[in-house]
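Chain by chain, the residues run as shown.
Protein chains: 2
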Amino acid sequence: MNDIKWSKGEKKIARAAFEKAYKRECADIIKKLRAKAKEIKEPDGIWGLHDFLTEKREEIDEKYDYRYSRLILVFAMLVKGGWLDFNDLKGLAENKIERIESLLSFWNE
Amino acid sequence: MNDIKWSKGEKKIARAAFEKAYKRECADIIKKLRAKAKEIKEPDGIWGLHDFLTEKREEIDEKYDYRYSRLILVFAMLVKGGWLDFNDLKGLAENKIERIESLLSFWNE
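Protein sequence lines, in the order shown, are assigned to chains V and P.
When we follow my numbering, the leftmost residue of the first sequence carries the number 433, and every step to the right adds one.
When we follow my numbering, the leftmost residue of the second sequence carries the number 433, and every step to the right adds one.
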């Protein structure tokens, strides 16, 4: 996907959408970790929470890759995960939206 | 410290003290992680909490080494850290208590 050009305006929209998704997903992790922290009764619960955070950190680090060559795929994953919707991507060129939709319909098959 | 022999009764006391310290220290970690979880406002706070737990896990894994050849050193560290006191070690032979005290006074010099 290296052939896709991003205009200055699109870069701004992309950056905002990317950050919005990151904040939403992190807010969800915070909510989950607070609930888990409350429920811990035994030492093993600590290590369970640590494992949960290790997994989330790896997942987030891998997913939130802001390279323009990767963004279409990243946005498709974020829409699929429920962290973005197409309204957040309003203003991107039609061919980009189509590529995202095409990935989503491919995954849903 | 491989020359130290542990009687059956001492092994029972040692195991109970070891587990008591582990539970106390883990209860302290649970308390701290709950307080930290409550205070998280930004995504970075998640990774800060993850770092805290990674550090604690490594520390605990290294410290709680139940080999009889290591126990004198382990108990000295646990007394020094405030996770055990000499009452918890009551019933161990005098020479073991002396070795623990001697390590503590060496560290406090």
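Accuracy of the hints is not assured; some may be wrong.
When chains are identical, the list treats them as one kind, so a pair holds in a single copy or across two.
Said to hold, decoys possible - Here are the simulated SDA-like cross-link-like pairs (lysine to any residue), alpha carbons at most 20 angstroms apart as the crow flies:
{"#": "1", "residue 1": "Lys455", "residue 2": "Trp479"}
{"#": "2", "residue 1": "Lys440", "residue 2": "Val511"}
{"#": "3", "residue 1": "Lys522", "residue 2": "Glu471"}
{"#": "4", "residue 1": "Lys452", "residue 2": "Lys488"}
{"#": "5", "residue 1": "Lys452", "residue 2": "Asp476"}
{"#": "6", "residue 1": "Lys468", "residue 2": "Val511"}
{"#": "7", "residue 1": "Lys473", "residue 2": "Arg456"}
These are computed hints drawn from the structure, not numbers from a lab.
(message) One pair to classify: lysine 468 and valine 511, alpha carbons no more than 20 angstroms apart. Within, between, both, or neither?
(response) Neither. Shortest intra-copy (26 angstroms) and inter-copy (31 angstroms) distances fail the 20 angstroms Cα cut-off.
(message) At most 20 angstroms between alpha carbons: which applies to lysine 440 and valine 511, within, between, both or neither?
(response) Neither, since 22 angstroms and 62 angstroms both go past 20 angstroms.
(message) Please sort lysine 473 with arginine 456 into within, between, both or neither, judging by C-alpha distance up to 20 angstroms.
(response) The answer is between: 12 angstroms across copies meets 20 angstroms, while 29 angstroms in one copy does not.
(message) Within, between, both or neither: how does the pair lysine 452, aspartate 476 come out at a Cα-Cα threshold of 20 angstroms?
(response) Result: close only across copies, 15 angstroms inter versus 34 angstroms intra.
(request) Go through the copies and call it for lysine 455 and tryptophan 479: within, between, both or neither, with a Cα cutoff of 20 angstroms. (result) between (25 angstroms within a copy, 13 angstroms between copies)
(request) If the cutoff is 20 angstroms on CA atoms, where do lysine 522 and glutamate 471 land: within, between, both or neither? Let me know, please. (result) neither (41 angstroms within a copy, 34 angstroms between copies)
(request) Tell me, please, which holds for lysine 452 and lysine 488 at an alpha-carbon limit of 20 angstroms: within, between, both or neither? (result) within (17 angstroms within a copy, 32 angstroms between copies)
In this structure, the hints that do not hold are numbers 2, 3, 6, in rising order.
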